[in-house]
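Participant: Heads up: the sequence shown runs through residues -6 to 146, numbered per this note's numbering.
There's no promise every hint is true.
Here are the simulated DSS-like pairs of lysine-lysine, each with C-alpha atoms no more than 25 Å apart in a straight line [unchecked claim]:
hint : residue 1 : residue 2
1    : K86       : K73
2    : K126      : K81
3    : K126      : K142
4    : K108      : K142
5    : K81       : K134
6    : K127      : K86
If you're looking for bench data, these hints aren't it; they were derived computationally from the structure.
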Amino acid sequence: MSLEIKYSSYRIGNWGIAAIVFLILTGWFTYDGHMNQGFIDDHTVDGKPDHTLIFNQQFWLFGLPAAIASAAGYMLFRKKRIYADDEKITVDKDTQIPFDQIEAVDYTNFKSDGKFTVEYTSEGQTKTFTFSKKAWDGLDKLLELVISKVDSE
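Whenever a hint applies, use it, and build me the whole structure from the sequences.
Facilitator: Here you go:
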């Protein structure tokens, strides 16, 4: 049985929304600060721009990189997955948890907190990994699979 758990759609959506908001704000403030002559005249006192005009003229220095970073976060996280097959759980290329090395599964507060912790041995060291419903959609199926694999061994 193979299982694929997607990264939280809520978090992915937030990255996309942030990118759009930063892009809109950057365009709006840049327009007001550089092209909207009425706005420029209203916020110029004695030939010097006030703090609002200066902010609008310089916002693109923050807004554009923030929009690009948010869009990059959206593009990266929308493909993030946990894979579980008959032998192991693969979180990423560096974190693989074989079922035969799992020593304990703590899911006592799974219904209330939405988290469970797997304790396993890797390279002679005992390590823990916590799975959270806030970060992953569909952890119920993964928990069922982990419990069935650990109990059968």
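Participant: Confirm or reject each hint.
Facilitator: Each hint, compared with the structure:
Among the hinted pairs, K86 with K73 is consistent with the structure: their alpha-carbon atoms are about 11 Å apart, no more than 25 Å. Straight-line distance between C-alpha atoms of K126 and K81 comes to about 20 Å, which keeps the hinted pair within the 25 Å bound. Only pairs whose Cα atoms come within 25 Å are accepted, and K126 paired with K142 is accepted, the gap being roughly 21 Å. Between K108 and K142 the alpha-carbon distance is near 18 Å, which keeps this suggested pair within the 25 Å criterion.
As the CA atoms of K81 and K134 are separated by approximately 15 Å, the hinted pair is consistent with the 25 Å bound. Under the criterion of a C-alpha separation no larger than 25 Å, the hint pairing K127 with K86 is consistent with the structure, at around 21 Å.
Of the numbered hints listed earlier, not one is contradicted by the structure.
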